[in-house]
Structure formats: structure tokens, C-alpha cells
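Using the sequences plus the hints, can you model the full thing?
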Amino acid sequence: MVVFKEENLPLLKWRLARVHQLYPGSDGVCRVADFITYRGIERRGLNRVCPLPVDDGLESLERTTFQGGQIGNAHH
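At position 36 of the sequence shown (counting the first as 1) the number is 74 in our numbering, and the numbers step up by one without a gap.
It is possible that some hints are incorrect.
[What the hints assert, rightly or not] List time: in silico SDA-like cross-link candidates among lysine to any residue, alpha-carbon distance up to 20 angstroms:
1. Lys43 with Glu80
2. Lys43 with Leu54
3. Lys43 with Leu90
4. Lys43 with Ile79
5. Lys51 with Arg77
6. Lys43 with Arg82
7. Lys43 with Asp72
8. Lys43 with Pro89
Simulated from the structure, these hints should not be mistaken for laboratory data.
Here is the structure:
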């Protein structure tokens, strides 16, 4: 996960995105990537994004399937 650096906006307004695809150059170094945002897929230079810290404990959460409207361990 990253946020897009946007010089004309305050930090808390920067858009959140997920890395979709990296594009390595002829030297093998990635400088450009596609990111998934609420607007769709956008291509940006990596110098214009800030990576967010990742918690390894979230991997199991991503694999969890939630049924419509359920939150946590609530049973109806």
C-alpha cells in the first residue's frame, strides 16, 4: 500500500493506492508502477509515492471472507 504524494494537498488528503504492477527498466531497477485506486488503475513514478508500513499479521485478515454485514465475531 502507498499514498500518492500530492504537493497541492495536505498529507491527510493524499490518496491511498495498492501496487498492481511494477515496470523494471533496462537496468533492472523499477521506477514506474501501476496502482489500483478508487478511480481505477493509475501509472505513477515511484518517486511520487510513499510506501506505507505493512503488518505481516494482516495477511490472514486479507484471506478471511466476511459475510454481508458481519463485523468481528458478532452472531445474529
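Status of each hint after checking the structure:
no.: 1; hint: Lys43 with Glu80; verdict: holds (13 angstroms)
no.: 2; hint: Lys43 with Leu54; verdict: holds (10 angstroms)
no.: 3; hint: Lys43 with Leu90; verdict: holds (12 angstroms)
no.: 4; hint: Lys43 with Ile79; verdict: holds (16 angstroms)
no.: 5; hint: Lys51 with Arg77; verdict: holds (15 angstroms)
no.: 6; hint: Lys43 with Arg82; verdict: holds (10 angstroms)
no.: 7; hint: Lys43 with Asp72; verdict: holds (15 angstroms)
no.: 8; hint: Lys43 with Pro89; verdict: holds (10 angstroms)
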